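Novice: As a plain string of letters, each chain reads:
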Amino acid sequence: MSQTGPQVTHPPTAMETLDYAELLHSLDGGVLLLDGECRILFCNRWFSRHCGLTEQEIIGRAIESLFPTPLPPALLDAIDSGCRLRMSRILSHQLHKQLLPLWQPAPGGERLPLYQSILIKPLHRSNLTLLQCLDITNAVRRERHLRASERILRLESRVQERIATSDSLDEILLMLCNTVETTVPGAYAAILLADGSGQQLQIKTAPSLPGNFLQHPEGLHLTPEGTTCAQAFLSRGLVVCPDIQQESHWGTWRERAQRQGILACWAQPIMATHNEVVGVFACFLQHPMGPDDTQRLLLQRMAHLAAIAMERHERLERIRFLAMHDPLTGLPNRSLLNELLSHNLRRAQREGIEFALMFIDLDGFKQINDLHGHDAGDDLLSVLAGRLLAELRAADTCARIGGDEFVVLLESVASAHASEQVAEKLLRCLGRPVERGPLQLHVTASIGIAVYPQDGSSADALLTRADDAMYRAKALGKNRWYRLTR
Amino acid sequence: MELFNQDERDLIVELMNLGVGRAANALSQLVNDEILLSVPRVDFISLPEAQAAFHNDLPPFLAGVLQDFEGFINGRAALLFPEARSLELVNAMIGEALSADEITELEQETLAELGNIVLNHCLATLANQLKQQVRTDIPKAFCASSAELPGTLYDSSHENTLVMLVQIDFSLRHSALRGYLVFIIDLRSADSFIAALRRYLAELL
Amino acid sequence: MTTPPLNLLLVDDSRIARLGLRRQLNSLGLELNILEADSADAAEQLLQQQSADLALIDFNMPGRDGLELAKALKIDHPQLRMALVTANIQDALAQRARQLGLTFLPKPTRAEQLAAFIRPEV
Numbered sequence: 021m022s023q024t025g026p027q028v029t030h031p032p033t034a035m036e037t038l039d040y041a042e043l044l045h046s047l048d049g050g051v052l053l054l055d056g057e058c059r060i061l062f063c064n065r066w067f068s069r070h071c072g073l074t075e076q077e078i079i080g081r082a083i084e085s086l087f088p089t090p091l092p093p094a095l096l097d098a099i100d101s102g103c104r105l106r107m108s109r110i111l112s113h114q115l116h117k118q119l120l121p122l123w124q125p126a127p128g129g130e131r132l133p134l135y136q137s138i139l140i141k142p143l144h145r146s147n148l149t150l151l152q153c154l155d156i157t158n159a160v161r162r163e164r165h166l167r168a169s170e171r172i173l174r175l176e177s178r179v180q181e182r183i184a185t186s187d188s189l190d191e192i193l194l195m196l197c198n199t200v201e202t203t204v205p206g207a208y209a210a211i212l213l214a215d216g217s218g219q220q221l222q223i224k225t226a227p228s229l230p231g232n233f234l235q236h237p238e239g240l241h242l243t244p245e246g247t248t249c250a251q252a253f254l255s256r257g258l259v260v261c262p263d264i265q266q267e268s269h270w271g272t273w274r275e276r277a278q279r280q281g282i283l284a285c286w287a288q289p290i291m292a293t294h295n296e297v298v299g300v301f302a303c304f305l306q307h308p309m310g311p312d313d314t315q316r317l318l319l320q321r322m323a324h325l326a327a328i329a330m331e332r333h334e335r336l337e338r339i340r341f342l343a344m345h346d347p348l349t350g351l352p353n354r355s356l357l358n359e360l361l362s363h364n365l366r367r368a369q370r371e372g373i374e375f376a377l378m379f380i381d382l383d384g385f386k387q388i389n390d391l392h393g394h395d396a397g398d399d400l401l402s403v404l405a406g407r408l409l410a411e412l413r414a415a416d417t418c419a420r421i422g423g424d425e426f427v428v429l430l431e432s433v434a435s436a437h438a439s440e441q442v443a444e445k446l447l448r449c450l451g452r453p454v455e456r457g458p459l460q461l462h463v464t465a466s467i468g469i470a471v472y473p474q475d476g477s478s479a480d481a482l483l484t485r486a487d488d489a490m491y492r493a494k495a496l497g498k499n500r501w502y503r504l505t506r
Numbered sequence: 475m476e477l478f479n480q481d482e483r484d485l486i487v488e489l490m491n492l493g494v495g496r497a498a499n500a501l502s503q504l505v506n507d508e509i510l511l512s513v514p515r516v517d518f519i520s521l522p523e524a525q526a527a528f529h530n531d532l533p534p535f536l537a538g539v540l541q542d543f544e545g546f547i548n549g550r551a552a553l554l555f556p557e558a559r560s561l562e563l564v565n566a567m568i569g570e571a572l573s574a575d576e577i578t579e580l581e582q583e584t585l586a587e588l589g590n591i592v593l594n595h596c597l598a599t600l601a602n603q604l605k606q607q608v609r610t611d612i613p614k615a616f617c618a619s620s621a622e623l624p625g626t627l628y629d630s631s632h633e634n635t636l637v638m639l640v641q642i643d644f645s646l647r648h649s650a651l652r653g654y655l656v657f658i659i660d661l662r663s664a665d666s667f668i669a670a671l672r673r674y675l676a677e678l679l
Numbered sequence: 008m009t010t011p012p013l014n015l016l017l018v019d020d021s022r023i024a025r026l027g028l029r030r031q032l033n034s035l036g037l038e039l040n041i042l043e044a045d046s047a048d049a050a051e052q053l054l055q056q057q058s059a060d061l062a063l064i065d066f067n068m069p070g071r072d073g074l075e076l077a078k079a080l081k082i083d084h085p086q087l088r089m090a091l092v093t094a095n096i097q098d099a100l101a102q103r104a105r106q107l108g109l110t111f112l113p114k115p116t117r118a119e120q121l122a123a124f125i126r127p128e129v
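Protein chains in written order, with this note's numbering: chain D, 21 to 506; chain H, 475 to 679; chain X, 8 to 129.
Chain D on its own, in the form it takes in the complex (with noise of 0.2 Å):
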C-alpha cells in the first residue's frame, strides 16, 4: 500500500504566473534589449509611445535606423561597447544635452523635448544587453529653477550690499535698473512713481530708455484703460503685455512704442509698507515676449529692492533732519543754524551785502510752564514759532537753539534800521496772547541784534554780540529789542 496519499498541485503562486514581458511593458521609463548585434529584440509601450513608432516598426532594427536624424556618436559608441564588448555605461543629461529624439506629449497638443539619462547594461550569462532611458525632465526643471534661484539671490546679495552702504537713493534705483538690463536682453528697465496727486506716475530712473518716449504732453495716467505700468499700478499685481502692438489699451503710446523699437511690457507694482502701492517697476523689451518664471522672479525682488531703498532713504532723510531741527517747532537747530550762518557769512563777504543776526529770549516762558505745565509750554512755542515763520521771508531762518531761545538770521538788509524795524515787528507778533483752550497765555520777548559788517565780521562776534545785546535788552526792562552801540 503506497503511504503517498493522491498527488496535491498547488495554485500557482503570483510570482510563477507573473508575466515579465507585461512587467517591463507597464514600467515608467524606455526599456530595450538588444542583442549582441545591437538589434533590439524588445522594447517596451512606454518606449513606442514616447519615440512616436510601433513595438512592429522597432522590433528587428539597429537603433539609429529608427530616426531620421543621425544619433549622437557618444550614444552609438557606448550602444555598441554594451552589447559587442559588454562594457555599462551611463550617459548622463549633463554630459550629453541630446540622446534619444524623445517628445512628451503635452496638453496644448506640441511636443515637449524629454530630457533623459540612458544606462546600458549587458545582462549576465547572456548575450543581451539592456538600454534604459530615465525621464529626467522634471530633474532638470527643478535645477534649472535652483540655479535661477541662485543667480537671483546672488544679485540681489550685491544690491542689499549696496542699499546698506550707499547714500544715494539714485544709485541703488540705477543699479536695479542695470540689473535687470543685463540679465534680460534687448530690455529697458524703468522705475516710475507715483506723484503727490496720486494720479500720474512719472519717471524716477531709466538709464537706457529710448530718447523722450516717457515723455508724453498727457503723461501717464493712472486709470484702469491706461497703459501696461497704468494697470500694473491700480491692480498691484504684475502685468504683461507680450505684444504692444495688440494692445488697444495702449492708445497713443502704441505707436509712439513702435517708433523707439518697444515692442512689449512688463510691469511690477512697488510696495511699501503696509501694502501701499508707491510706483511701477517696468521692463520695455524690444522684442514681443512674456517673462519666463526666472524673470518673473527678478522683477518681483528687484520692485522689493527699490521699495525697501526708498524707505531706507526716508528714514535716513528723517534722521537727517532729526539731527538738524528741533522736534518739537520743526525750526532748524543749533548746528543747523552755525551751518547756515557760516554759508551767509561767506556770501555776504563774496557780495559786499549786509545782514542781521537776532538773538529772542522770550520773557516769563518759565512762568508759564509752572503754572500751567509743559504741554501747554510746548504748544506756546510752537504757535509761536509759527507766528514768527509767518514774518520771515522765505530766505531768512529762524532757529531754536534752547528752551526759549530762539535765533533769526535775516538774509540780508537793505541796512541796520531795517533789521531794527523787523525786530519792532517780531516783537508785536511775540506779545500777542495764545489762545489755549480757556487759557489765554502770554509772554513778551527779549531781543538783541547784531549787523555784519558793522557789529562783527566773523560768526562768533556776531553771535557773541547779539547774544550780549539780548542781555542788554532784558536788564533795560525786557519786551523790547536792543543794538550794542560802540
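Hints were generated in silico from the structure; no laboratory data involved.
These figures come from a predicted structure and were not determined experimentally.
Among the hints, a few may not be true.
Claimed, not checked - With the C-beta cut set under 7 Å, the calculated list includes, among others, these residues of chain H facing chain X:
(1) Asp-484
(2) Leu-485
(3) Leu-492
(4) Ala-498
(5) Leu-510
(6) Ser-512
Cβ coordinates follow ideal geometry from the N, Cα and C atoms, glycine included.
Fit chains H and X to the known structure of chain D by using the hints.
Specialist: Quick look at chains H and X alone, frame taken from chain D:
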C-alpha cells in the same frame, strides 16, 4: 606586496597610462576641450595595509564612483576625488559655475559617467593589451570619508584580495587635480592576470 | 651602397614602454642605432655626448614633459627630427606638437607610423 616583480609593475603602470590616456580622449571629445590625464604612481597593497594607506595617502573626504568588473580579473574599481573638488571637475566638464556646495542629483549622474568612462577605458585597455576579456557593471556614485572607504569598497572578510592604488592627475584648462583609482582584485582570479602579464613580457624581453 | 645607420633616441620614463618601442623598431628592418634615456634631463645629457638624427619622446614624464624637452632640444639640436608619443590623443595637444615641428604619434604606436616617421621619403 611581492606578487609582481619590477617589470610586471612597470607594465601595469604603462597599461594604466594607456588606459587613462584613452579615457582622457573620450572625455575631451565630450566637452570639446583639452583634458590630459597621467599616472604618476601605482602601489600594490594588501587589504590590511589598505586602511592605513587610505588614511595616509587619500584626502579625508572623498566623492567617488564605484564599478564592479569580471573577466580575466574579478573585483571592484573606484575612481575617487577629494569631495570638495569633485564638483569643480564636474563643472569644468559641463562648463557651468555653480555655487551649490553639495552635488545635486544631476551632477551625481555626471560624476558617475566620468568614473564610468575612466574605469571602462582602464579595464578595457588592460584586457585588450593582454588579449583578454572583461565586462563591467553600471557605476554608482557615492561619498565617504577615508575611514569609511574600506567598508564601502569591500567585504573585509576576504583575505584573498589585492588592492591596487593608482594616482591619476587630471589637467583641465583652468584647473588641475589629483584623483585616485582603487582596484580591489580578487586574488583567486589574479592567476590569469599574472599569467597574461608574463606572456606579454616574455614576448617583449 | 650602404646608408649609414640612423641614431634614434628613445625618451620615456617607463622601461617597459622603451622595450616595446625597441621591439617594434627592430621589426621594421631598418638600420637603426637605438639610444635610450629615461627622463628629459638624461636625454639632454646623452645628446651632449652622442649625436642623434631622430628622437621618439614620450609626452607624459615626471619632471619636464615631452613638449618642454622638445622645445629645449629644438634650440640646442636644430637638426634633430622629433616625434611626440602619447596616449593622450587630443587635437589641442597634437596642434601644440605640430607647432613645434614635431610628428605626433599616438600610443600604442603602429609599425607603419614609425616607419613613415623614420623614412618619410619612402
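Novice: Take the shortest C-beta to C-beta distance between Leu-510 of chain H and chain X; is it under 7 Å?
Specialist: 5 Å, holds
Novice: Checking hints one by one. Is Leu-492 of chain H an interface residue toward chain X, by the C-beta closer than 7 Å rule?
Specialist: 5 Å, holds
Novice: For the hint on Asp-484 of chain H, just tell me whether its beta-carbon gets within less than 7 Å of chain X.
Specialist: 4 Å, holds
Novice: Have a go at the Leu-485 of chain H hint: is there a Cβ in chain X nearer than 7 Å to its own Cβ?
Specialist: 5 Å, holds
Novice: Min Cβ distance, Ala-498 of chain H to chain X: is it shorter than 7 Å?
Specialist: 5 Å, holds
Novice: Less than 7 Å between beta-carbons is the criterion; does Ser-512 of chain H satisfy it with respect to chain X?
Specialist: Status holds, d = 4 Å.
Of the hints listed earlier, there is not a single one the structure fails to meet.
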